[in-house]
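Enquirer: Sequence:
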Amino acid sequence: MPVKTTATQTKGEATRAALEDAAIELFMEQGYHATTMRQIAERAELALGGIYNHFSSKEEIFQAIILDKHPYKKVLPAILKAQGEDVDEFIRNAAKVALEELKAQPYFIKLMLIEIVEFNGKHGAALIKELAPKALPIFEKLIKSRKNLRMTNPAMLFRTFIGLLISYLLTDIIISNSMMQKLMPKNAADTYVDVYLHGILKPEA
1 MPVKTTATQT KGEATRAALE DAAIELFMEQ GYHATTMRQI AERAELALGG IYNHFSSKEE
61 IFQAIILDKH PYKKVLPAIL KAQGEDVDEF IRNAAKVALE ELKAQPYFIK LMLIEIVEFN
121 GKHGAALIKE LAPKALPIFE KLIKSRKNLR MTNPAMLFRT FIGLLISYLL TDIIISNSMM
181 QKLMPKNAAD TYVDVYLHGI LKPEA
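Taken in order, the sequence shown gives residues 1 to 205; the numbers are from the numbering used here.
FYI, nobody ran anything at the bench for these hints, they're computed from the structure.
Ideal placement from N, C-alpha and C gives every residue a C-beta, glycine not left out.
Where hints are given, some of them may not hold.
[Unchecked claim] The calculated label-pair distances, taken between Cβ atoms and stated as ranges, are:
(1) E100 - T36: 30 to 40 Å
(2) T152 - L183: 45 to 55 Å
(3) L201 - R159: 14 to 24 Å
Could you put together the complete structure from these sequences and hints?
Expert: Set out below in structure tokens:
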């Protein structure tokens, strides 16, 4: 994995990005615990001593990946562009584009599980600190635009939307290659979002 610079990157930034990419590959192949700094350096075609010019530890690399490579950097702009004449349509469209983007980043769920299992979510605060100021205004706008929402707390609405995305992706992995997967309708994601919006009970006549 030779280090390649772009027009907007310095050599140091390119090396740092190459190390993060190498670490992601190794974490996905053999897990966080089994991966060493030496292996990351070798995968990035860098001398072991050189890696410490950029990161002091494997955990520091992992935290950098959480902040630098998190799919929200692509998901959030896509959600901002989501259109809808009402809250229902907006949530459906936002969930659709978000799930499409997240599925295109297969490492996302595995990294999230590493974060939970290995670190008990300790890096989540740094991610939320960066994400919340950009995302909360979207959900504040939703609440202001529709008075009959059961939820009036933008942060809680944001949390449940994240839960919608993660739970769908996790259960999709769990049932993959199983009989249950074969029983899923073609519009499984749409049905999942519909349950999020309206629950499982039909409205009373």
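Enquirer: All the hints need checking, so say for each whether the structure fits it.
Expert: For each hint, the structure was consulted:
Against the hinted window of 30 to 40 Å, the Cβ-Cβ separation of E100 and T36 comes to about 35 Å, which satisfies the hint. A hinted range of 45 to 55 Å for the beta carbons of T152 and L183 is inconsistent with their spacing of about 37 Å. The hinted range of 14 to 24 Å is satisfied by L201 and R159, whose Cβ atoms lie roughly 23 Å apart.
Taken one by one, the earlier hints fail for this structure only at number 2.
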